[in-house]
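Quick note on numbering: the sequence shown equals residues 1 to 145 in full-length UniProt numbering.
It is worth saying that the hints were derived from the structure and are not from the lab. For glycine and all other residues, C-beta sits at the position ideal for the given N, C-alpha and C. One or more hints might be untrue.
Just the calculated beta-carbon pair ranges, DEER-fashion [unchecked claim]:
1. Glu35 with Met109: 18 to 26 Å
2. Pro40 with Ala77: 28 to 36 Å
3. Ala77 with Trp27: 27 to 35 Å
4. His7 with Glu35: 25 to 33 Å
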Amino acid sequence: NAFDLSHLHLSEIPLAFYYGMYAYSGWFYLNFVAEEVHSPEKTLPLAICVSMAIVTFCYVLINVAYYTVMTAGELLASEAVAVTFAEKVMGNFSLAVPVFVALSCFGSMNGVTFVVSRLFYVASREKQLPEILSMIHIRRHTPLP
């Protein structure tokens, strides 16, 4: 039974929280681009709450699926739990899992690139970085460098 908690030790809980918090570490990027959002005082709290609820639901659902299909020993022995899960459930379609992981990484990289460009732009505008970083494209109204 994968949901048996008799082997749980109190000393392992902080590490579990660390891994769990890492999974949700992207929520604060929205705050960096508040200038780009229409009526941020209403939109930002709603966006953060809704996105956190969706991500939490997805993570819980995926973990329940893992524990339903695989034993605790299989989970611990697997180098890539999602691939092992897909092999057991979908057979040859498990080859698509690395493609989905790559797409997820690309989406994350796209969001971070957007946020960091705005971060440099605002810091430059506030005279904390060189002024050249606060230049904006004439037609596109996006940061230049």
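Check: So the hint says 18 to 26 Å: do the beta-carbon atoms of Glu35 and Met109 match that?
Finding: 22 Å, holds
Check: Falls inside 28 to 36 Å, the C-beta gap from Pro40 to Ala77?
Finding: Since the Cβ atoms of Pro40 and Ala77 sit about 47 Å apart, the hinted range of 28 to 36 Å is violated.
Next item on the list: Given the range 27 to 35 Å, decide if the beta-carbon distance of Ala77 to Trp27 lies inside it.
Entry: 32 Å, holds
Check: Can the suggested window of 25 to 33 Å be confirmed for the beta-carbon pair His7 and Glu35?
Finding: 49 Å, violated
Of the numbered hints listed earlier, those contradicted by the structure are 2 and 4.
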